[in-house]
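Enquirer: Chain residues, written in single-letter form:
2 protein chains.
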Amino acid sequence: MSLRYALLGLLADEAASGYVLTKKFEGSLQHYAWHAKHSQIYPELSKLAADGLIEVTEEGPRGRRTYAITEPGRVSLREWMFTRPDSGGVRNEFVLRLFLLPTLEPSDARTLLTAYLQVANEQLEGMAKIFELAGPEWKEEPMSFGHFAAEYGRRSFETLREWAQWALTEVEARDTADAAAEAAER
Amino acid sequence: MSLRYALLGLLADEAASGYVLTKKFEGSLQHYAWHAKHSQIYPELSKLAADGLIEVTEEGPRGRRTYAITEPGRVSLREWMFTRPDSGGVRNEFVLRLFLLPTLEPSDARTLLTAYLQVANEQLEGMAKIFELAGPEWKEEPMSFGHFAAEYGRRSFETLREWAQWALTEVEARDTADAAAEAAER
DNA sequence: TAGCACATGTAATATGTTACATGATTGA
DNA sequence: TCAATCATGTAACATATTACATGTGCTA
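Residue numbers (the working numbering), protein chains in the order written: chain A, 1 to 186; chain B, 1 to 186.
Read the hints as simulated data drawn from the structure, not as lab findings.
There could be a bad hint or two in this list.
Stated by the list, open to error - Quick look at which bits of chain A chain B covers, simulated, 3 or more residues with Cβ under 8 angstroms:
| id | stretch |
| --- | --- |
| 1 | 3 to 15 |
| 2 | 32 to 39 |
| 3 | 91 to 105 |
| 4 | 149 to 158 |
| 5 | 173 to 182 |
To be verified - Pairs of lysine to aspartate or glutamate, EDC-like flavour, derived with a Cα cap of 16 angstroms:
| id | chain 1 | residue 1 | chain 2 | residue 2 |
| --- | --- | --- | --- | --- |
| 6 | B | K37 | B | E26 |
| 7 | A | K37 | A | E26 |
| 8 | B | K139 | B | E151 |
| 9 | B | K37 | A | D86 |
| 10 | A | K139 | B | E172 |
| 11 | A | K24 | A | E14 |
| 12 | A | K139 | A | E151 |
| 13 | A | K139 | B | D178 |
| 14 | B | K139 | A | D178 |
| 15 | A | K129 | A | E151 |
| 16 | B | K24 | B | D13 |
| 17 | A | K139 | B | D175 |
| 18 | A | K37 | B | D86 |
| 19 | B | K139 | A | E172 |
| 20 | A | K24 | A | D13 |
| 21 | B | K24 | B | E14 |
| 22 | B | K129 | B | E151 |
| 23 | B | K139 | A | D175 |
Cβ atoms here follow ideal geometry from the backbone N, Cα and C, with glycine treated the same way.
Construct the complete structure from the given sequences, taking the supplied hints into account.
Expert: This is the structure in structure tokens:
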């Protein structure tokens with residue numbers, strides 16, 4: 001059901017064709033928020049139009065149809081924004097792996113955590129570039145599209161980095177405890 | 001495909017029946033990592049058993065079957081833990097809302113951010129209780145099940161709280177800029 | 001004029017949800 | 001003994017992915 005509002009939200013920012021919306025999902029959106037293929041997007045746009053939440057405002061070459069959000073569409077989007085996200089509906093592969101980390105041998109856990117640390121650093125470098133490019137615009141225009149999400153992303157990756165560092169010390173502690181237990185056995 | 005590994009991971013921690021696994025998904029797991037209904041769990045357990053990754057170790061009353069992970073199961077789980085999570089496959093309703101926050105009027109945005117702040121605080125209180133209950137055990141046994149995830153959760157909610165506070169100042173800035181523009185118009 | 005990006009559609013398959021369905025054990 | 005919880009299963013429906021399918025316009 002969220003795809004509907006993802007599309008509505010993108011069209012609330014600016015009018016676009018199915019093709020353009022597909023490209024938007026291939027950008028930063030899909031890495032952090034939501035993704036969908038064109039085979040899902042086109043049928044959903046038809047439904048949204050049938051429900052009067054969006055409308056075709058322009059027909060271009062190659063059969064291109066540009067959609068814009070309608071007033072009922074804005075009302076529907078706003079309503080959804082204020083509904084409590086279904087906290088029983090999470091599917092986060094990364095957090096699942098965190099939960100399952102203790103099923104690994106300490107040496108494997110250390111390897112994996114080191115890889116996470118690297119991912120966090122890479123992502124932070126990427127975020128730095130985004131801020132460099134969009135930063136000036138964001139300073140002039142507060143509350144611009146993407147800024148809230150980018151700032152949240154930057155802070156989240158910093159948190160991931162710090163957490164991974166903490167987790168590595170935890171694995172070391174386990175190694176030390178195991179070694180002590182082994183020594184005591186002899 | 002992740003459900004398979006979620007089940008495998010839970011069974012790597014300890015043997016359990018489909019019913020018990022369903023209950024585990026109804027706990028903290030579903031709020032932060034993964035969720036599934038019994039109607040999905042039972043067929044998947046059958047498939048995992050058919051593939052030899054788990055096996056029935058005990059048959060109890062009321063037709064209860066307790067499954068345990070097998071050695072091939074552990075190998076498969078470990079392999080999956082080391083695959084790179086598909087970064088093009090995110091579906092995070094919360095982050096989607098962050099992306100769409102700028103589609104709201106500043107006053108609506110302020111209302112929503114205040115609600116997020118409250119959610120973060122509530123969650124942090126909940127986490128504090130979890131740490132109180134499990135903390136002593138976690139201190140004695142480093143790398144225990146749930147500790148990594150809980151610590152990550154705690155840090156993430158602190159990040160959310162700080163981000164929401166920052167975002168509120170951003171909305172204020174927008175309000176100020178809008179008021180100035182209006183004044184200049186007259 | 002050929003190759004690439006633009007642009008949309010749909011069928012088959014896989015995954016996930018809701019609803020329907022049944023029965024056993026336990027404790028009050 | 002009766003209600004709640006334990007315990008599993010499956011059918012119908014909704015959602016999402018992969019693969020197949022077709023044609024247009026631009027630019028080098």
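Enquirer: Compare the structure with the hints numbered earlier in the document and write down the numbers of the violated ones, lowest to highest.
Expert: none
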